[in-house]
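Asks: Chains E and S, in that order, are what the protein sequence lines are. Here the numbering used here = 1-based position in the first sequence + 42. Here the numbering used here = 1-based position in the second sequence + 108.
Source of the hints: derived by calculation from the structure; they are not laboratory data. Treat the hints with care, since some could be wrong.
Quick partial rundown of chain S residues pointing at chain E, CB under 7 Å, derived from the structure [claimed, not checked]: (1) V126; (2) W261; (3) V265; (4) W278; (5) I364; (6) N367; (7) L397.
Idealized CB from N, CA, C, for every residue including glycine.
The primary structure of each chain is shown beneath.
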Amino acid sequence: MTDAIATRGSMRRAALASPSFVAGAIVTVLFVGMAVLSFIWTPYDYAAQDIPNKLKGLTAAHWFGTDQYGRDVFSQILVGSRTSITVAFVAVTVGVGIGVPLGLWAAARNGSLLDEIIMRANDLIFAFPALLIAILITAVFGPGAVNAVIAIGIFNIPVFARLTRGAALSLWPRDFVLAARVAGKGKAEISVEHILPNILNTLVVQVTIQFSLGILAEAALAYVGLGAQPPTPSWGKMLADSQTLVSLAPHLAIIPGLAIVFTVLGLNLLGDGLRDIFDPQLRRSRR
Amino acid sequence: MSNYLAGRLVSLVLSLIVASIVIFLVMEVLPGDPAQFILGMNAQPDTLAALREQLGLNAPALARYFGWVLGMLHGDFGISYTYRVPVAELIVQRIGVSLPLAVISLALTVLIAFPAGVIAAARRGSRSDFAVMGITQFGVAVPNFWFAIILVWVFAVILHWFSAGGFAGWDKGLWTGLRSLVLPAIALALPQASILTRVMRSALLDTLSEDYIRSARAKGLSKGQALWRHAVRNALIPVLTIVGLQFAFLLAGAIIIENVFFLPGLGRLVFQAINQRDLIVVKSVVMLLVFAVIFVNFLVDLGYFAVDPRLRRRA
């Protein structure tokens with residue numbers, strides 16, 4: 043965080059000058075656009091079976107071919123993007139909603155017992171193999187999109203708590219915080235009014251990263267059959283179904299995989315780009 | 109030194125205690141009665157009650173918790189409900205797959221990431237740096253199980269170089285066993301190598317901008333000498349942290365890859381045990397994996413101590 047305040051104009055110039063940001067933003071908008079589009083239009087009904095036309099390759103009628111029941115793969119990809127977005131979005135929201143207040147609270151009472159307890163609890167969550175516990179949670183509460191969200195969201199909490207605490211701690215000794223304290227503001231008020239706005243940039247970058255990790259995690263859970271349940275299509279489930287058919291119809295494995303790769307890649311690039319824009323100093327030292 | 113070590117040991121033990129309580133509590137709320145599962149839906153109520161008694165399911169929770177923890181400390185992990193053999197025996201069998209898989213993947217990861225990271229950092233802004241960063245950007249975005257499916261398609265289905273899955277076993281010779289682990293290890297290593305390459309590169313870029321590198325160059329060391337003697341060694345601290353985390357991840361996180369390749373490893377054991385409500389297996393293996401993660405992190409902490417003389421002096 044530099045003291046120089048970037049103007050809107052210089053931010054915009056920096057954004058357009060960052061190839062990562064531009065590429066990432068385009069891919070991310072496309073991805074969200076796909077999900078929105080799927081509500082109003084898909085080339086076919088994603089669940090409609092057409093056995094005579096099963097396992098077709100890429101054709102004009104079926105852009106991404108058909109699966110073992112003759113269902114249109116392109117339609118499934120479109121609808122599947124909804125599942126990915128929703129699960130990742132809610133999981134990130136859980137992480138931000140719980141992790142950020144915890145981090146702010148811990149930083150405001152740095153060194154207290156509360157701080158210690160919050161940070162130790164975070165360490166503990168990090169010690170658990172994330173995917174294994176996610177599988178355990180979905181097994182406890184039953185497979186499905188909602189429980190996948192909880193399982194992924196839990197691991198987002200310590201990420202945001204730790205990040206928030208670290209960033210907030212570096213701001214507490216600053217003059218403007220001191221001024222607010224002298225003015226008689228309480229710790230909670232200062233955290234929300236002065237600390238939070240100043241760490242938003244850092245948080246936004248982390249949100250894009252956790253979002254992409256959420257998409258990967260959702261795909262992994264769906265792959266082992268613990269994500270969204272049929273008939274709701276999801277990219278991970280499509281990959282699981284494709285596995286035994288890979289010699290007959292490799293496109294069934296390649297296409298959903300590419301969808302995941304491009305989405306995650308787009309979000310990561312967006313995160314890199316945002317970091318560059320928010321923190322020009324870091325960019326200079328990185329390159 | 110002894111203070112530092114004692115502090116780390118206390119926190120190691122505390123973490124393990126809390127972890128065991130958490131795992132035990134999660135298992136308590138897991139729906140489904142193991143006795144019912146073993147005997148099937150048509151079991152007589154009195155047979156069920158007898159089996160519950162025999163499995164120790166009727167004892168109070170606190171007694172069961174201490175029974176479980178004390179048992180593990182003696183190497184007694186309980187008896188699997190479904191396999192009817194001691195869990196310890198299952199673990200020993202499965203570790204014979206999971207541990208070599210994790211070690212091979214980690215070796216691949218380091219072998220790829222180390223040179224790639226050094227080249228990218230040493231030639232910052234060059235075409236090779238650009239290529240390395242581009243490839244790793246893809247590498248971190250690829251789900252390892254998808255990469256695994258593609259590897260199977262290319263190297264097993266089309267080229268017939270490897271089998272598509274299963275584990276041949278170590279008793280048929282080292283090479284036969286290793287062959288079953290090649291594709292899974294590559295699938296696991298690629299995303300990890302991408303992460304580690306980026307860490308290596310940025311750690312090295314940080315050290316390369318330090319004053320002592322300028323001093324080293326000023327006293328006449330060549331660029332390469334300064335890089336290898338000073339920069340790389342100092343960049344190893346953050347790299348070591350990530351390697352430690354990655355080893356723990358590879359040991360526990362291979363669960364999906366083990367499913368892709370039908371490998372009888374620890375991850376697949378837990379996965380199947382969860383579906384079969386074989387709670388004692390789930391509980392004990394998860395605890396073992398958490399122990400592995402916490403212990404590896406502990407070793408990394410000790411590693412800092414060996415690598416960073418400043419820490420030693422402070423202690």
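Asks: Can you name, in rising order, the numbers of the hints this structure does not satisfy?
Replies: 4
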